[in-house]
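Engineer: Sequence:
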Amino acid sequence: MRLGGLKNNFCECNKINKMFQAKKRVLFLRSAIGVFGAERMILELAQAISNRSYEPIIGVIENRHPLCWELVQTAQSYGLKSCKFKCKKPFDLNTVLQVRKYIFQNRINLIHTHGYKANFYGILGALNKNIPCLATCHPWTETHYNFRAKVYTFLDKMWLRRMNTVIAVSNEVKQQISNYGINSKIDVIINGINTGRFNGCKKNLILYKKLGYNSSDIIIGTIGRLIPEKGYHFLINSTKSLCSKLSNLKILFIGDGPLRTQLEAQVLNLKLNNCVKFLGVREDIPELLSLIDIFVLTSISEGTPMALLEAMAASKPIVATSVGAIPQIIHHKVNGLLIPPRDTKALASAIEYLITHPEEASRMATAAQQMILNKYSSKHMAERYIQHYERLID
5 MRLGGLKNNF CECNKINKMF QAKKRVLFLR SAIGVFGAER MILELAQAIS NRSYEPIIGV
65 IENRHPLCWE LVQTAQSYGL KSCKFKCKKP FDLNTVLQVR KYIFQNRINL IHTHGYKANF
125 YGILGALNKN IPCLATCHPW TETHYNFRAK VYTFLDKMWL RRMNTVIAVS NEVKQQISNY
185 GINSKIDVII NGINTGRFNG CKKNLILYKK LGYNSSDIII GTIGRLIPEK GYHFLINSTK
245 SLCSKLSNLK ILFIGDGPLR TQLEAQVLNL KLNNCVKFLG VREDIPELLS LIDIFVLTSI
305 SEGTPMALLE AMAASKPIVA TSVGAIPQII HHKVNGLLIP PRDTKALASA IEYLITHPEE
365 ASRMATAAQQ MILNKYSSKH MAERYIQHYE RLID
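Mind the numbering: the sequence shown is residues 5 to 398 in my numbering, read in order.
Mixed in with the good hints, there may be bad ones.
As the list claims (entries may be wrong) - Keeping only pairs whose Cα atoms sit at most 20 Å apart, straight-line, the calculated EDC-like set for lysine to aspartate or glutamate is:
hint: 1; residue 1: Lys275; residue 2: Glu291
hint: 2; residue 1: Lys92; residue 2: Glu66
hint: 3; residue 1: Lys178; residue 2: Asp160
Worth flagging that the hints you see were computed from the coordinates, not collected in a lab.
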């Protein structure tokens, strides 16, 4: 009996070892400047595929931004394997050699790139190694249409043409890259989130008081980088008229970016400093969402905004601009309100409607949460990506 038991245990151990050995390694590559929408999508996908037959590794390429390694730290806090690639020039041959060495030493099965810089190092890293490359295209806007942006766009066309598969995070992003000569390679996969982090998160009263809010306050919240594409100055302008009607209205900005000083100056000029707060980058997003009464997204251009999905999962009434993949997710007066971009009056009117029609707001918030649970979970997103992984690796 004892020998038989040992034999059975040995067989079980063998099965477990084979299972771990069989896990296919996916190297995610990203040159990050913090942990924002694209980085959060990478983390969500990596966590989701790690529960399947894949071992994700988050590879971050160095840049001059002070927060370039934040994605590595966040990945490690999630229990994900990560690595750093030093990069001292815009296109560094030493970085190519580092990536190639890492791919060989760690027996990488597939490279999944995010962004033009990662595309470059991913393609050259896999060159002549018979390793497939898949790129996810997130939205990026040539705000100033300068020479550098044109060069990056041209180079990105070159790298994407060499990819085995290209994923766009929205139909709008697909249209942006449709003239790259890669239409046959493109698929659209909408981002997804871990809904469990946001579903049923109760209002954190300690945090509520810490931020200086009263029980009668109505909190309008938004999450994202403080950049021109987010259209946050329209939200601040609309706040002026709303605050004159509703003295208990508060606006909460969660996130940071190059426009922070400019937006703070706009708030001071409009004498709104008593009702607008800028919190900067925060890790406690589920807790902060629990405090928000209405979530607003004022983007001028978008892909599939992770912050929107998170707010929907938290069952928040939504006002969002009709750009990018947002109209595919938010259906007007069904699970939220859609407004045109850059329209301050429409934004103020939509916010006021949700405040004055609480039953409608609650109904739409519930419908939004149900849509996320049914269609936009990280599990659904991972299943779509895994279909491509299996096709490329096998």
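Engineer: What are the numbers of the hints that this structure violates, sorted from low to high?
Structural biologist: 1
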